[in-house]
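Engineer: Required output: the full structure, derived from the provided sequences and hints.
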Amino acid sequence: MPQPNGQTLREDVCPGKKDKLVQLDLANRGQRTEPTTGPQYWRSLEELAGDPEFHEKMHREFPRGASEWADAVSRRGFLKLMSASLAMAGMTACTKQPLEPIVPYVRQPEELIPGRPMFYATAFELGGYASPVLVESHMFRPTKIEGNDLHPASLGGTDVFAQASILGLYDPDRSQTITHLGAVRTWGALLDAIHGPLNVQKALAGAGIRILTPTISSPALADQLRAVLKVYPQAKWHVYEPVNRDNVLEGAKLAFGQPVETRYQLENADVILSLDADFLYAGYPGFARYAYDFAKRRDPDAGSMNRLYVVESTATSTGGKADHRLPLKATEIEGFARALAGSLAAGANGAANSQPAKFVNAVADDLKAHPGSSLIIAGDHQPPAVHALAHAMNQTLGNVGKTVVYTDPVDANPVNQNESLQELVAEMRGGKVDLLVIMGGNPAYDAPADFGFADALKNGGIPLRIHLGLYNDETAELCHWHVNRAHYLESWGDTRAYDGTVSVVQPLIAPLYDGKSPLELAAVLAGQADPNSHAIVQAYWQKQHPGADFDMFWRRSLNNGWIDGTACPTKQVSPRAANLGTSSAADSPGIELSFRRDPSLYDGRFANIGWLQELPRPMSKMTWDNPVLIGPALAERLRLNSKDVVELELNGRKIEAAVWIQAGLPDNSVTVYLGSGRTRAGRVGTGAGFNFYPLRSSAAPWVASGVQIRPTGGTYMLACTQGEQTMDTPVGARPLVRVATLDEYRKEPDFAKDEEPPAELTLYPGFPYHSELYAWGMAIDLNKCVGCNNCIIACQSENNIPIVGKEQTGLGRHMHWLRVDAYYEGDRNHPKAYFQPVPCQQCENAPCEVVCPVGATTHSTEGLNDMVYNRCVGTRYCSNNCPYKVRRFNFLLFQDWETPQYKMMRNPDVTVRSRGVMEKCTYCVQRINEHRIDAEKAETKIKDGELQTACQQSCPADAIVFGNLNDPESQVSKLKAGHRNYSLLADLNVRPRTTYLAVIRNPNPELEAPAERS
Amino acid sequence: MSDEPVAIRSDRAPVIEPGHTFATVTDKISSIVLTRPTSTGWLVGFGISFLLTMMMLYAIGYLFVRGIGIWGVTIPIGWGFAIVNFVWWIGIGHAGTLISAILLLLRQSWRNSINRFAEAMTLFAVSCAGVFPLIHVGRPWLAYWLFPYPNTMNYWPQFRSPLVWDVFAVSTYATISLVFWFIGLIPDLATLRDRSENHWARIIYGMLAMGWRGSARHWHRYETAYLLLAGLATPLVLSVHTVVSFDFAIGIVPGWHTTIFPPYFVAGAIYSGFAMVLMLAIPIRKFYGLEDFITERHLQNSAKVMLATGLIVGYGYIMEAFMGWYSGNRYEAFTLWNRLHGPYAFWYYMLLTCNLVIPQLLWIRKLRTSPVALFLLSAVILVGMWLERFIIVVVSLSRDFQNSSWGMYYPTRWDWMTFIGTIGMFLAAMFLFCRILPMISIFEMRTLLPEAEVKE
Amino acid sequence: MKRTPVYGLMAEFDSAQSLVDAAHKTHAAGYQKIDAYSPFPIEGLAEAIGFTRNRVPLVVLIGGLVGGLSGYLMQYWISAVSYPINVGGKPPHSWPAFIVVTFEMTILFAGLSAVFGMLALNGLPMPYHPVFNVPRFAFATKDRFFLIVFSSDPKYDASETRRFLESVGGRFISEVPS
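Protein chains in written order, with this note's numbering: chain A, 1124 to 2137; chain B, 3 to 458; chain C, -1 to 176.
Accuracy of the hints is not assured; some may be wrong.
Here are the simulated SDA-like pairs of lysine to any residue, each with C-alpha atoms no more than 20 Å apart in a straight line [what the hints assert, rightly or not]:
id : chain 1 : residue 1 : chain 2 : residue 2
1  : B       : Lys457    : C       : Thr50
2  : C       : Lys31     : C       : Lys153
3  : B       : Lys457    : C       : Phe49
Partial pick of chain A residues on the chain B-facing surface, computed with a CB cut under 8 Å [what the hints assert, rightly or not]:
id : residue
4  : Leu1352
5  : Pro1494
6  : Gln1845
7  : Val1854
8  : Gly1935
9  : Asp1944
10 : Glu1948
11 : Gly1949
12 : Pro1976
13 : Val1977
14 : Asn2003
15 : Pro2006
16 : Tyr2007
17 : Gly2039
Hints in this document: simulated from the structure, not taken from any laboratory.
Ideal Cβ placement from N, Cα and C applies to all residues, glycine included.
Structural biologist: In structure tokens, the structure reads:
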């Protein structure tokens, strides 16, 4: 809708000189922030907040602060002041429901009860695939994101990106205005500006119009774009994402002659072989469901365990879960696949070539022994041939229809994205492009280096370049117009999950900064005067679902979070007699360089989300940086140590970066994560880590051979959150994670309990926990845990846990209440890996409580180790005396108390801790109390399972179980009664309430002779 | 201190050089305070230590503004320099009480010439120590919550915590040391009152002397009280460092959880305390020409005490190592390994050198009687004892039960400023003390003179 | 005591020995209210002037008992009565943990009562005392020894007593004005 620009409105709101205005705003801040203020009011003020002059003034209001340390934290500190100015511009006044009707989740009361959160179903999209989520909303302020437990693609689980997107919504660095050449403009001004060019293009049938989008699965948006292409037949729609699935697409074409989506049903798979596929970590389509299905088959006490072989070219958490893991250079994996296919086809072994024949044969035998219940998954980084081979082998093994199903692509526009972008760049240079609309994505930063996209964009002489994005980023900088995009929690839309099920994206809050959705921009291109994303989405689905009951249909879809019957039907495809030729990638002698999506930052779009920057990468536990990961053997040959700085040279392009020695990497292969080293990410992300995109070419997007590594002699500070990644010490190993093979477990079921002290081993009378109504406890199944870090982010979001920045993390002051330890065992080049989530163990004989001089941490009757923040004076004695080191201390003022956005984000049920106070996991006591109150009102007991801690709720593998130990029927009681149950450091006799279920590996006897357990 | 009498008998050097009378003793000592002009050396020394004190105050001010995070402490090493310095200073304090109380009970009259400033040293050391528990907490403005005072929250300290024991032990120790010292001063203050020419000095000393007139009745009660105080201070001084050692022994951290800590902390305390006494006595007797009163014999005896306590401390180290191996506990065993081979190994060997190896030189009589050698040895021992506390506090914490949570400790400049600052504060107080109070107990010196002998 | 313009007669001695001897003689001669002053404690001087009852130890004993009891009872009341709460699974009345504070409180109270008891019994602080009117008394804190016979003594007689003091070797005998 056209709006008058900031200038005039400023005069309306506060007549008089701007100086006066500042005073006035400061004075009126209080009432400005009342929710009652109407849209026009704060929108106009927000326009004004965007005015750089105004910011100038506001900064002069707070001279201090700009001189803080050059640390992420202090950047946040500085940002406090920055956005304090926004606060005065009434920014906090925008806690209001969208104008359009949105529907609360069915489990929750229809009408708002103050203090009671409401849950809305919506969906978070990443790389074209939706994570169906429920958003917890307090007084119309979305505060936390959880998986949609009714949705087949989630079952309650979700991933770190979806959960952290709540911080993205409130990120004060998000672009907040439409700009033209850096100056603040209005939506109306933009409409005027493109009106002319569009008319001109009408005459040319849109020959000069190019639209560049990231992968899009949204039916409505695709429909809009196609509408645009109808109006302008000559216009072109290009698609590019740096982390794309071209290989999968090409592999499918190679195998079936058509693009198909491959979907796996891991619950049916007894034997799984992953060819470099990291399907157990966020970012892999369907991860949440896959993790659930995989974990379901890891329980040795229920049904038969599956067996996972992983052949991979880097260290991933998927490899960490493998029963047998074979590190191979990425280029050798095709050879492996061929050898395997050979021995599968040949029926007899021996076809193995240079690859470790033993492994190939063992896997082949195992696969052949499980026809129809085996599964081979090829990784996105592997060339099409490997995918084709995987398809072929699954076919041979008769897995199709059982563990593998094929459907039409979820991607609305399945094209080879590298080629698509290449074509676009060529036309840009060729001067064929008059109007370039970049709808999301950040190609100027992440396009393949050899395309020179940024250069083409800057010097291609394109008359009109429009960028739509959440951030005013590297690409926005090179465009005439930047339109601030509405966050998915602010706007309407739709998207598809990995199985094709469509979710309607419904906003939880009116756009904080009046952002625009791609739908609206597309509609404008299509010629609509005043587009409204809600109307567009609804109209589209009205078309799909004509009839009188549309309202019901619509309500139900919003209720559930998905639209019934939209899942892609499985389709029968038969692989052509695929001529795969011979191994395309001959083993190259040199060192190879693997590019991977960053486990925490994906392709860099999340670089400004502090939670993710500080989220330890699953295997290296690295935060805030993406060093070059290098195997121990290679590091030794190159005389490199962790934190050394090296110069990487690839085809003449050079980059300096730090190295980190990572166990389990194949020899002669180094891995780098994409997505760091941003230059315009925001105060958190800018400058963090190294940018490896300049080394990445369209020819070798995932694996490049012949990289040169030269030590520069310098060193670089890296912030790793884990002290030691082995349980071994020079005086013997420590049984922190207890492990046995399936056979050993069958022989000696109680192997994990050997250090458990008898219950009567105490001098004290003891407290009558059993006579209470509840005795809270937790059991964590290490066999199910896939190390996906979900619990960490869930905890951070639920409990208002601050981030501390790189320097502080490096000192060991990170605040995660729940950490996931990754331990390696055995030869560092071929290690076994284990994950162990460690929250507070809630010891009954808590060592921390005894030493607190002021009684700030004491025990509740229900067995919780309570932490009284207000009483804590901060002696840190409790932390010293905590054998699990799960207590976290606010060494400095880590919490951001000023930024209004963060105030809106916080969980109102959890205290926001200040400086000098100890804090730790509370078993989400706020959730316990909420449910206890409800139960008391209903005069019942809390039912098992209805009360979940945040970590438990977020766990896609159901590895964390929390409940009432006084109820013998509760799931946690049953688990604790099981054989595998053991408590960490049991010999200390601190009686932890949190216990672990030991790891049971399921090795292939052919590869691992049953050894005597020492 | 069972070997004290031995130390005396084996030695014939006089406690006070011959030729002194009541008058000379009195004049000699009181003149330092009353008539002797302030030397430039004193001014320079005091100036420097005063500046260091200011530096400490600045560091503490910044600490209060920014938070404990400006120090090197972290998780898992929640205690750093602050606690190390606290234990170190408290330990140093012990020598004073030992000399004035225990040696008094043992009738070691040679103590009379060094007990006064040894007690002063105790007082100042304890106040330096007292700084740290106060400022090392995360919210210093709430540190008073450690005291049991009636409050609207109806909330009390938690008496199972060794930190609360510390509060009581240290505050009791400070109080008793103060009154003990002051009681000892009263007769000498009276002397100064009667000696001083300056009007104001008379008034001030007069007030402090509380009208002391040396009446036989007063002397009688006075000596009883003094003796009783000594009797009380003796178990107290032994208990204080025991309680301090509980801060660690009560914890379950491998390297802390040790029953030998109490005796070995006390011995260590006396060890470092006597080292500090010598480091002060040797220059003082030189500059103020008090060789007559602080004689070779005092140096020798102190040296012998150091040798003895040093050996006890050494025994402590050996037992720690032995238990690490003998307990068969995998965590204790690793702590031992970590001390010997871990990232802090160098400092552990430094500690052994300073506290165990070098002090063995004290077996040599020549060195025991050479002020310079003793001064240097004392310095080495003080460094060693500081390192011992560093090893116990920091190294034990740096690598405990969970390999995943091991860490390293890097002191920051604020840590150093605070530590060095307290040394400055200590010296500044000593300088002032030497200038305005008799640093040797005059009346007790008089009793050492032959004329003081009275037969019925 | 009954106030008289003269407080007493003071004699000076120049050695501890002579003072003690004189004191003995004076006391033997039946003088009750006498006192001796010396720059340092002299063995047996107090007995010589007939001072035997010293109540300081009793005060200290009482102080110590009070301290110890209040220390333990405070902890018991706080931990087991006023605010009983589960701390690390230990019972509210964890007596072993209370020993330290009890001990420290005993010492503290005993020590303070020793000091203040002694001062109180000595009547200190005392801003004014007649003996200071004797100019030479300033040497009492250096190297001179004094013996005084108070005028309140029943046997006191200005000339008689002066003669007696001279006989026991006292010098510079002077009347002490009150």
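Engineer: Now tell me, hint by hint, if it's right for this structure.
Structural biologist: Hint check results:
A C-alpha spacing of about 19 Å is found between Lys457/B and Thr50/C, which places the hinted pair at or below 20 Å, so the restraint holds. Using a Cα cut-off of 20 Å, the hinted pair Lys31/C and Lys153/C holds, with the two alpha carbons roughly 9 Å apart. At roughly 18 Å between alpha-carbon atoms, Lys457/B and Phe49/C fall within 20 Å of each other, so this suggested pair holds. Contact between Leu1352/A and chain B, as hinted, is not supported at the beta carbon level, the nearest pair being about 54 Å apart and thus beyond 8 Å.
For Pro1494/A, the shortest C-beta to C-beta distance to chain B is roughly 42 Å, which exceeds 8 Å, and the interface hint is violated. Interface hint at Gln1845/A: satisfied, since its Cβ lies 5 Å from the closest Cβ of chain B, which is below the 8 Å cut-off. The closest approach between the C-beta of Val1854/A and any C-beta of chain B is roughly 4 Å, which is under the 8 Å cut-off, so the hint is satisfied. Given hint, Gly1935/A at the interface with chain B, holds; its Cβ is 4 Å from that chain's nearest Cβ, closer than 8 Å.
Residue-level restraint check for Asp1944/A holds (minimum Cβ-Cβ distance to chain B is 4 Å; threshold 8 Å). Annotation: Glu1948/A was flagged as interfacial toward chain B, and the flag is violated, the nearest CB pair being 12 Å apart, outside 8 Å. The beta carbon of Gly1949/A is not positioned within 8 Å of any beta carbon in chain B (closest approach about 15 Å), and the interface hint is therefore violated. A hinted interface residue such as Pro1976/A counts as satisfied when its beta carbon comes closer than 8 Å to some beta carbon of chain B; here the least separation is about 4 Å, so the hint holds.
Here the hint on Val1977/A is kept, as its CB sits about 5 Å from the closest CB of chain B, short of 8 Å. Taking 8 Å as the C-beta contact cut-off toward chain B, the hint placing Asn2003/A at the interface holds, the least distance being around 5 Å. Because the smallest distance between the Cβ of Pro2006/A and any Cβ of chain B comes to about 4 Å, under 8 Å, the interface hint for this residue holds. Taking 8 Å as the C-beta contact cut-off toward chain B, the hint placing Tyr2007/A at the interface holds, the least distance being around 6 Å.
Contact between Gly2039/A and chain B, as hinted, is supported at the beta carbon level, the nearest pair being about 3 Å apart and thus within 8 Å.
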